[in-house]
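**Student:** Here's the letter readout for the chains.
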Amino acid sequence: MNRRDVLITGLGVVSAAGVGWRACADTVSVLPTFLSGFDATTFPARLAYQVEKLRPQPYMKRRKDLKLMSRDAQLALVAAGLAAEDAGLLPSDPSSWPQPADEIALYMGVGLEPGDVTELGPALARSRAADGSIDLDVLGEFGINLIPPLSALSTLPNMALAHVSINLELMGRGEALSPWGTSGLDAVAAGAEMIARGRCEMAFVGAADSDVDMSGVARYLRMGLLARLKEGDAELAAAPDGTDGLVLGEGAAFFVLESRESAEARGKAPLARVARHAQYAVPTPQMSTFSVDVIADMVAASLVRNARSVVVGAAGHDRRRRRVEAEAVARAAARRGCVVTPSLDQVSSRVGWCVAAGGIVDLADRLARERLAPSVDSIVGLAWAPTGHTSTLTLDQMGGGSP
Amino acid sequence: MTSRRVVVTGMGAVTPLGMDVESSWLGAIAGRPAVRKITAFDASGFPVQIAAEVPHRVIEAWFRVPELEGLADRKIRMAVRSAEEALAQAGFVPGETMPAPDRFGVSVGTENGRPLLEEVAETFYRFADHQKAGLSTAELLEGVDPLEFVRTVPHLTATLLSVMYSAHGPATTCSTACTSSAQSVGEAALEIRRGMADVMLAGGTDALVEGFMVAGFALLGALSTRNDEPERASRPFDRDRDGFVLGEGAGFLVLEELEHARARGANILAELVGYGCSSNAYRITDSPPDGRGAYLSMAWALRDAKLAPEQIDYINAHGTSTQMNDVSETAGIRLALGTHADRCMVSSTKSMMGHLVASCGAVESILCVKTLQQGIVPPTINYENADPACDLDYVPNVAREASVRYAMSNSFGFGGSNGTLIFGRYDGRGE
Chain A
1 MNRRDVLITG
11 LGVVSAAGVG
21 WRACADTVSV
31 LPTFLSGFDA
41 TTFPARLAYQ
51 VEKLRPQPYM
61 KRRKDLKLMS
71 RDAQLALVAA
81 GLAAEDAGLL
91 PSDPSSWPQP
101 ADEIALYMGV
111 GLEPGDVTEL
121 GPALARSRAA
131 DGSIDLDVLG
141 EFGINLIPPL
151 SALSTLPNMA
161 LAHVSINLEL
171 MGRGEALSPW
181 GTSGLDAVAA
191 GAEMIARGRC
201 EMAFVGAADS
211 DVDMSGVARY
221 LRMGLLARLK
231 EGDAELAAAP
241 DGTDGLVLGE
251 GAAFFVLESR
261 ESAEARGKAP
271 LARVARHAQY
281 AVPTPQMSTF
291 SVDVIADMVA
301 ASLVRNARSV
311 VVGAAGHDRR
321 RRRVEAEAVA
331 RAAARRGCVV
341 TPSLDQVSSR
351 VGWCVAAGGI
361 VDLADRLARE
371 RLAPSVDSIV
381 GLAWAPTGHT
391 STLTLDQMGG
401 GSP
Chain B
1 MTSRRVVVTG
11 MGAVTPLGMD
21 VESSWLGAIA
31 GRPAVRKITA
41 FDASGFPVQI
51 AAEVPHRVIE
61 AWFRVPELEG
71 LADRKIRMAV
81 RSAEEALAQA
91 GFVPGETMPA
101 PDRFGVSVGT
111 ENGRPLLEEV
121 AETFYRFADH
131 QKAGLSTAEL
141 LEGVDPLEFV
151 RTVPHLTATL
161 LSVMYSAHGP
171 ATTCSTACTS
181 SAQSVGEAAL
191 EIRRGMADVM
201 LAGGTDALVE
211 GFMVAGFALL
221 GALSTRNDEP
231 ERASRPFDRD
241 RDGFVLGEGA
251 GFLVLEELEH
261 ARARGANILA
271 ELVGYGCSSN
281 AYRITDSPPD
291 GRGAYLSMAW
301 ALRDAKLAPE
311 QIDYINAHGT
321 STQMNDVSET
331 AGIRLALGTH
341 ADRCMVSSTK
351 SMMGHLVASC
361 GAVESILCVK
371 TLQQGIVPPT
381 INYENADPAC
391 DLDYVPNVAR
401 EASVRYAMSN
411 SFGFGGSNGT
421 LIFGRYDGRG
431 E
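Listed in order, the protein sequences are those of chains A and B. Under our numbering, the first residue of the first sequence carries the number 1, and numbering increases by one thereafter. Under our numbering, the first residue of the second sequence carries the number 1, and numbering increases by one thereafter.
Do not rely on the hints blindly, as some may be mistaken.
For the chain A half of the interface with chain B, some residues (derived, Cβ under 10 Å), not all of them [unchecked claim]: (1) Gly20; (2) Phe43; (3) Glu85; (4) Leu120; (5) Ser127; (6) Ala130; (7) Leu153; (8) Ser154; (9) Arg219.
Note that these hints are calculated values from the structure, not bench results. Just so you know, even glycine gets a beta-carbon here, dropped at the ideal spot from N, CA and C.
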């Protein structure tokens, strides 16, 4: 069975650098801003890369559904809608697309959806017993009616996928993958595999994540992953040698993937080809290991020999991880005998660590900039999860896409 | 390139019907209901007071890795227990005979880890008291165990299984609500087919019988309120069904590339021949009455398996016992199988073990494999009155002996995520 070429024909990206690929590409540098979603004045980490002016309404079938959409879902829908537009597909009229809805796949990387505990506040306050614990009898009888009816659903990670599929009428193969930091790149690979094997002609693949809320910041602070940046420290985030941890971001990116046959049939020039994907695990539930050897192996397997390549790193601001990645890329280049030494671009140091969407937002950001100012033949995206899982995704045959 | 075939060489399950595959299977074919009054918490004031539980006292005793103990919540304990059983049946013994680490992966269907409602309340009250006392959120945070946060990561189950069994190959987690583990098993099969692994430990786990989820699903009107007769509450396709019953459990399969299994002399239980998935693109909470999304999932699976609809002998339905799902699934089956739908046996084992949510696809796949092996189709119990909108052969109330060559397992999730797996009797042939 011959594998078919899989091309990227549409790009949608939303990050602190901008909404849309051109806005992201035009943005030279971004600084983190004070966390705006809650009172972070006493938090040890108070800065993050946050998306401004997010408007999902143009892509929504029913605007009243906005209240059902988490921030992740809103980011996802905007990125997917932008990708559709970039691919020449009218988001408001999927019936005009070249493939029927039944045959367009949707693979999405998703993050944690812990729900909003403050939604439970009135119910919990109503149900507090004299001894300070919860009185389940009171909750059952009175408090339960104070819980928003959809609060249980809002904790299911596939809700963002659901909103994208509903609003863009995507009924083909659909999966929500949640391997944490590698979610986005793994989703691209899963969608690409379906096209390569002839199971579909077109797929929307991407990821979205926003953890710049109180529980997200608290989570990653207590895991020891975040740099402790405060007001006035924004410039430190741009320091060449990085910081003592990651800086959270939020964002989403989607690609429209298409078989070469489908793209050519409708005269759509590609942005790049999805060349290969690799995945490896040295599981570390204690969130401690970041192995030079593993990353060097992964990058070596992902590089296109003697091509001008850039490796989009996943270390972001974290100076310890940056050193590991730099060494790994150098080793990988030596092992592959590359004539052209690949460069290393720490994109997440300009858009923040977007967690489940991190790998694909970083890759999309670089792809957007390549579109305006081509400089390489190949991009290797690198993503890792703090649990020790690593993924790479290689793009080659770079092009500018249709005007 | 020859397509790599995927076979099942091991299975493990923890369900409300039993602590292993055999007892779960025997409970299913006996038509034994496992729905009871909730014991996990005091639900006596709740509108819904019933569930299909795995005894919590038993779950707590499982887990033999002291250094990881703090990370293991109920769903992880059930996952480890069922994974152990599956690996043992496949002939893999940790520390002795295991697959090559680089060619061995893990694929898990599960949701976020969740603190219990009582724990959420405790944090909330502590937070409120701190605020009254003028203390900061940051000061409160310093007292929170970091593991509380780590336990919420969906990928933690896959990570722990990878650590315990030295699986360094593909590791993924699918989180598509009730379809999670159908998709995790399907994704694992794809990893083997595409040559990324020779062996995958694939399945799912979930434990939602706790205050918040019971309250939340009750508020959606999705749960049965037949509190006075719990054993009759889950009644898929019956006219008088009034919602699903939450269950909990885990199921894992050892999937293996056929030649790899043959080379080591493994006992091949069945072949996974087809996988399909789709999205409804309809509504967040509702199933489309025309069953279009369900149909697409089944159609993709049939196409993947290169089977005609007439070759499907049995469908283990998603069959939740909600008004909407059962009508939608019936319509989907009719679209997918055409006139053969009238001859195909369809049953819902949720009538006995409740809805295991993220783990139902894996557990019900295991029951499909047992059906292929044993020639017995589990029944749909509590089927008393026909619903004109549900007009298939639901194998009512009593198991049926039948030769089954191909069995299909359906899973459909909140948000409109669908997954279908098709298993076939292994024909004994190699490539």
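**Student:** Hints first: check each against the structure and report whether it holds.
**Tutor:** Now the hints, each set against the structure:
no.: 1; hint: Gly20; in the structure: violated (24 Å)
no.: 2; hint: Phe43; in the structure: holds (5 Å)
no.: 3; hint: Glu85; in the structure: violated (19 Å)
no.: 4; hint: Leu120; in the structure: holds (7 Å)
no.: 5; hint: Ser127; in the structure: holds (7 Å)
no.: 6; hint: Ala130; in the structure: violated (12 Å)
no.: 7; hint: Leu153; in the structure: holds (6 Å)
no.: 8; hint: Ser154; in the structure: holds (9 Å)
no.: 9; hint: Arg219; in the structure: holds (4 Å)
In this structure, the hints that do not hold are numbers 1, 3 and 6, in rising order.
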